[in-house]
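**Student:** What follows is each chain in one-letter form.
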Amino acid sequence: MALPKTWQSFLDETGDMSRFTGRFFAQGFKPRYEFSEFIHQCFIIGFKSLPLIGLTGFIMGLVLTMQLRPSLIDYGVESQLPAMVGIAIVREIGPVVTALIFAGKIGSSIGAELGSMKVTEQIDAMEVSGTNPFKYLVVTRVLAATVMLPVLVILSDAISLYGSYLGVNIRATTSFQLFFKQVFDALSFSDVWPAVIKTFFFGFAVGMVGCYKGYNSRKGTEGVGRSANSAVVVSSLLVFIIDLVVVQVTDLLGIN
Amino acid sequence: METVQETIRPPVHEKVQEPVITIRHLYKSFGANKVLADFSLELKKGENVAVLGKSGSGKSVLIKCIIGLLKPDSGEINVLGQPVANLDHDELDRIRVKVGFLFQSNALYDSMTVRENLEFPMRRHWIKMTPGESSDRVMETLKNVGLAHTVDMMPVELSGGMRKRIALARTLILNPDIMLYDEPTTGLDPITGKEISKLMMEVGEKYNTSSLIISHDMNCIRATADRIVMLIDGKCYADGSYEELKRNNDPKVKQFFE
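Respectively, the protein sequence lines represent chains V and Z. Positions in the first sequence are counted from 1; adding 70 to them yields the working numbering. Just so it is clear: in the second sequence, position 239 is 228 by the working numbering, and no numbers are missing.
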């Protein structure tokens, strides 16, 4: 019995993407290393994303604090506000929201850039110019996304907590030292490291999906738009799936 | 005013020497679509050969097989004495240094300036040069295509004809022995197309290259080619000079000259 067409194309796509990922591991760690392009991509992917990530992080911390306060007052535990916001941001909201913003900005940008290069034959031109385009374009971008997202998440968490500190001070008065003492007292090492480790996987997924969609772009400019769009959709979905898997794994391992 | 008639190239049999590209019994299919079927061709040193065919007849597939961007299903392609299909990546790179490829879409890197576009192949092929020598080579090549003033511009700031010239400069920067032109005048207005055809002839003589020109633009072919190979039904259907093919009464050949 033949599978429905949608299932067939889903399985085809999954297979192609697995092969693409396999090619990354097969070629990515062999010389010639594209170190200067990797640094350039780190600058574009990391540094240039900082204003957006910082702003969303700040708003996230501020809003979360303002939304949580009434509920905590109802239960008479308003003093736990810094601890609660700190745990929520560091363990879950910071990594996931930052990864989603990252997927929207970087996933679409990589998908559109490589897609456009593909349809205008720039990738072929690169190959003719003695360059392995897969290493030069794909490996550098995937590695840069994998390395830079954890850095962005740590910075975003810090900015979020600062936003939360300001949020607390809208209705009450808490010193900077006291606020952060309460946050860090509530956090343990097992709150931080699984959250940081999963961001490497988020970054890898966003970079890989963006590159796969762009590198395999078809049908001219329409295909470029479709690549950028599906890069965001698929990588955002993967962020949630990876998050689910990591939470299950840490739960099974008793890291709570 | 210079007319197309005046730019027709004379036969150059006297300068023709040993083959630089030899293609024998080439087959290439995409699924059930047989694009090339028993195609053979020879390009000799100093010769300019045009491959003429309708859109979708496999001209671009042929040129991509020659440069190693596509693998043929079967058949033999020898470029400068090397069997392209059997070469590894490094060996292929060594051949590609000697073969310039002008892409139909120009394929200039949008994120780089004109200077960086021209320096890219030199850097990637490990051409050893000081920054001064590299800059001199870039400027000299740009002067040869008449666009030295664009060196610090971005491709997006250039017109279609200028982009074509810059793309040509990028292929010439490595002093190639062979030039492959994929639809060099497509998308250009007739006057700019004529200028590009003229430029192709000029740089061909200056850089002493052999050229394979893929096109369906009869004006360009007439102006640049010593010999025309007609790619019809995946094979070399007819071969001869412009005037010889024009006199051919075969309907499939004749349709290109009507």
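Treat the hints as calculated values from the structure; they're not laboratory data. Cβ atoms here follow ideal geometry from the backbone N, Cα and C, with glycine treated the same way. Keep in mind that a hint or two might mislead.
[What the hints assert, rightly or not] To spell it out: a stretch of chain Z is covered by chain V in this simulated footprint if at least three of its residues, at any positions, have a beta carbon under 8 Å from a beta carbon of chain V; those stretches are: (1) 11 to 24; (2) 93 to 99; (3) 105 to 113; (4) 128 to 142.
[Stated by the list, open to error] Here are the simulated lysine-lysine pairs, PhoX-like style, with alpha carbons at most 25 Å apart: (5) V:Lys289 to Z:Lys43; (6) Z:Lys117 to V:Lys100; (7) Z:Lys60 to Z:Lys195; (8) V:Lys289 to Z:Lys33; (9) Z:Lys224 to Z:Lys195; (10) Z:Lys235 to Z:Lys183; (11) V:Lys205 to Z:Lys183; (12) V:Lys205 to Z:Lys60; (13) Z:Lys87 to Z:Lys195; (14) Z:Lys195 to Z:Lys43; (15) Z:Lys132 to Z:Lys60; (16) V:Lys75 to V:Lys205; (17) Z:Lys243 to V:Lys205; (18) Z:Lys132 to Z:Lys43; (19) Z:Lys60 to V:Lys289; (20) Z:Lys33 to Z:Lys117; (21) V:Lys175 to V:Lys100; (22) Z:Lys60 to V:Lys100; (23) V:Lys118 to V:Lys75; (24) Z:Lys117 to Z:Lys243; (25) Z:Lys34 to Z:Lys87; (26) Z:Lys33 to Z:Lys187; (27) V:Lys175 to V:Lys289; (28) Z:Lys87 to Z:Lys23.
[What the hints assert, rightly or not] Restraint-style ranges between C-beta atoms, simulated for each label pair: (29) Z:Asn237 to V:Pro101: 45 to 55 Å; (30) Z:Met142 to V:Ala96: 31 to 41 Å; (31) Z:Gly149 to V:Glu162: 27 to 37 Å; (32) V:Lys75 to Z:Asn197: 31 to 41 Å; (33) V:Pro101 to Z:Asp125: 24 to 34 Å; (34) V:Pro101 to Z:Glu194: 47 to 57 Å; (35) V:Glu162 to Z:Ala21: 28 to 38 Å; (36) Z:Met118 to V:Val317: 17 to 27 Å; (37) V:Phe80 to Z:Gly135: 29 to 39 Å.
**Student:** Now look at each hint and say whether the structure bears it out.
**Tutor:** Taking the hints in turn, this is what the structure says about them:
A count of 0 residues in the segment 11 to 24 of chain Z with a Cβ less than 8 Å from any Cβ of chain V is obtained; the coverage claim is therefore unmet, three being the minimum. Counting residues of the segment 93 to 99 of chain Z whose CB lies closer than 8 Å to any CB of chain V gives 7, so the stated coverage by that chain holds, three being the minimum. Residues of the segment 105 to 113 of chain Z lying with their CB closer than 8 Å to a CB of chain V number 3, which satisfies the three-residue condition for coverage. For the segment 128 to 142 of chain Z, the stated coverage by chain V is violated: 0 residues have a C-beta nearer than 8 Å to a C-beta of that chain, whereas at least 3 were required.
Using a Cα cut-off of 25 Å, the hinted pair V:Lys289 and Z:Lys43 holds, with the two alpha carbons roughly 20 Å apart. For the hint linking Z:Lys117 to V:Lys100, the alpha-carbon distance of about 23 Å falls within 25 Å, and the restraint holds. Under the criterion of a C-alpha separation no larger than 25 Å, the hint pairing Z:Lys60 with Z:Lys195 is inconsistent with the structure, at around 32 Å. Distance hint between V:Lys289 and Z:Lys33 is unfulfilled; the C-alpha atoms sit about 37 Å from each other, more than 25 Å.
For a cut-off of 25 Å, the pair hint linking Z:Lys224 to Z:Lys195 is broken: about 32 Å separates their Cα positions. Using a Cα cut-off of 25 Å, the hinted pair Z:Lys235 and Z:Lys183 holds, with the two alpha carbons roughly 21 Å apart. Proximity of V:Lys205 to Z:Lys183 is assessed by CA-CA distance (about 39 Å); at most 25 Å being required, the pair is judged violated. Under the criterion of a C-alpha separation no larger than 25 Å, the hint pairing V:Lys205 with Z:Lys60 is consistent with the structure, at around 20 Å.
Straight-line distance between C-alpha atoms of Z:Lys87 and Z:Lys195 comes to about 15 Å, which keeps the hinted pair within the 25 Å bound. Between Z:Lys195 and Z:Lys43 the CA atoms are separated by roughly 31 Å; this puts the pair beyond 25 Å, and the hint is violated. Restraint check: the Cα-Cα separation between Z:Lys132 and Z:Lys60 comes to about 36 Å, which exceeds 25 Å; the hinted pair is violated. For the hint linking V:Lys75 to V:Lys205, the alpha-carbon distance of about 33 Å lies beyond 25 Å, and the restraint is violated.
This hinted pair does not check out: Z:Lys243 and V:Lys205 have alpha carbons roughly 47 Å apart, beyond 25 Å. Using a Cα cut-off of 25 Å, the hinted pair Z:Lys132 and Z:Lys43 is violated, with the two alpha carbons roughly 35 Å apart. Distance restraint check for Z:Lys60 and V:Lys289: the Cα-Cα separation of roughly 22 Å lies within the 25 Å cut-off, and the hinted pair is therefore satisfied. A hinted pair counts as satisfied when its Cα atoms are at most 25 Å apart, and Z:Lys33 with Z:Lys117 does not qualify at roughly 30 Å.
Taking the CA atoms of V:Lys175 and V:Lys100, the gap is about 29 Å. The hint is violated against a cut of 25 Å. With a C-alpha separation of about 24 Å, the suggested pairing of Z:Lys60 with V:Lys100 holds against the 25 Å cut-off. About 41 Å separates the Cα atoms of V:Lys118 and V:Lys75, which puts this hinted pair outside 25 Å; it is violated. A hinted pair counts as satisfied when its Cα atoms are at most 25 Å apart, and Z:Lys117 with Z:Lys243 does not qualify at roughly 50 Å.
Note on Z:Lys34 and Z:Lys87: the hinted pairing holds, with a Cα-Cα distance of about 13 Å set against a maximum of 25 Å. Of the supplied pair hints, the one linking Z:Lys33 and Z:Lys187 holds, its CA atoms being roughly 21 Å apart against a limit of 25 Å. At roughly 23 Å between alpha-carbon atoms, V:Lys175 and V:Lys289 fall within 25 Å of each other, so this suggested pair holds. Only pairs whose Cα atoms come within 25 Å are accepted, and Z:Lys87 paired with Z:Lys23 is rejected, the gap being roughly 30 Å.
Range check, Z:Asn237 to V:Pro101: Cβ separation about 54 Å, and the 45 to 55 Å hint holds. Taking 31 to 41 Å as the suggested C-beta distance range, the pair Z:Met142 and V:Ala96 conforms, at roughly 39 Å. For Z:Gly149 paired with V:Glu162, a C-beta distance near 52 Å fails the hint of 27 to 37 Å. In this structure the supplied range 31 to 41 Å is violated for V:Lys75 paired with Z:Asn197, their Cβ-Cβ distance being about 56 Å.
For the pair V:Pro101 and Z:Asp125, the supplied restraint of 24 to 34 Å holds, since their beta-carbon distance comes to about 31 Å. At about 40 Å, the CB distance of V:Pro101 to Z:Glu194 disagrees with the hint of 47 to 57 Å. For the hinted restraint 28 to 38 Å between V:Glu162 and Z:Ala21, the CB-CB distance of approximately 52 Å leaves it violated. Checked against the given bound of 17 to 27 Å, the beta carbons of Z:Met118 and V:Val317, roughly 55 Å apart, lie outside it.
Distance hint check for V:Phe80 and Z:Gly135: the Cβ-Cβ separation is about 53 Å, which falls outside the suggested range of 29 to 39 Å.
Hints 1, 4, 7, 8, 9, 11, 14, 15, 16, 17, 18, 20, 21, 23, 24, 28, 31, 32, 34, 35, 36, 37 from the list above are not met by this structure, while the remaining hints are.
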